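Colleague: Sequence:
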Amino acid sequence: MTITDLIPGLKGSGSRRAADKLAELRYENRKLLTRQMAADDYFALLMQDRDEVYTAWTWAEQARQEAETAAACMQSERDEWRDEALRLRARFGAQLAAEANANRVDVPPMVRDTSAIEDQATGPIDVTTLWEARDAGLLGPVTDPGRVHAAH
19 MTITDLIPGL KGSGSRRAAD KLAELRYENR KLLTRQMAAD DYFALLMQDR DEVYTAWTWA
79 EQARQEAETA AACMQSERDE WRDEALRLRA RFGAQLAAEA NANRVDVPPM VRDTSAIEDQ
139 ATGPIDVTTL WEARDAGLLG PVTDPGRVHA AH
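For the sequence shown, my numbering begins at 19 and goes up steadily by one.
In case anyone wonders, no lab produced these hints; they're calculated from the structure. Note that the structure is predicted; figures quoted are calculated from it, not measured. Don't take each hint at face value.
[Stated by the list, open to error] Pairwise CB distance ranges (calculated):
no.	residue 1	residue 2	range
1	38	74	47 to 55 Å
2	74	39	49 to 57 Å
3	145	74	52 to 60 Å
4	73	94	29 to 37 Å
5	66	46	44 to 52 Å
Note that CB positions come from ideal geometry on N, CA and C, so glycine has one too.
Build out the structure end to end from the sequences listed, making use of the hints.
Modeller: Set out below in structure tokens:
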């Protein structure tokens, strides 16, 4: 006895027999189950990706908080160093200026030996524009390179 014998509606006398319908339904069932398994696999991959994204986001958030903490510590340390430098400048600034003035070099360029790099001449530099130098009569033909002013 088969299933087609037990179910009277499956017995047929046409071109489509009940066994063919049953085979077709089984094929559709397998196809739907295969699709459902594929969808379940894809959904599992999506869940895994979501978990990885959440893990990465948590790590990035922790790294950001650590960077902010480090930046705040560095900023407070910088402020402490700045305050200390300002205190030292206020305390010793006058002394440093006095020492610099006491040890200044006032030797004229023609007397001073400036061949060593650490002992170069420190005279003032004239920064007038060419038009101002022309109007002041400082420009002229170079006949004597040692001469500063042009003849009038």
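Colleague: Between the beta carbons of residue 38 and residue 74, is the distance compatible with 47 to 55 Å?
Modeller: holds (54 Å)
Colleague: Is 52 to 60 Å a correct range for the gap between the Cβ atoms of residue 145 and residue 74?
Modeller: holds (59 Å)
Colleague: Does the Cβ distance between residue 66 and residue 46 fall inside 44 to 52 Å?
Modeller: Violated, at about 30 Å.
Colleague: For the pair residue 73 and residue 94, does the Cβ-Cβ distance stay inside 29 to 37 Å?
Modeller: Holds, at about 32 Å.
Colleague: Note whether the CB distance of residue 74 and residue 39 lies within 49 to 57 Å or breaks it.
Modeller: This hint holds: roughly 52 Å between Cβ atoms.
Consistency note: the structure conflicts with earlier hint 5 alone.
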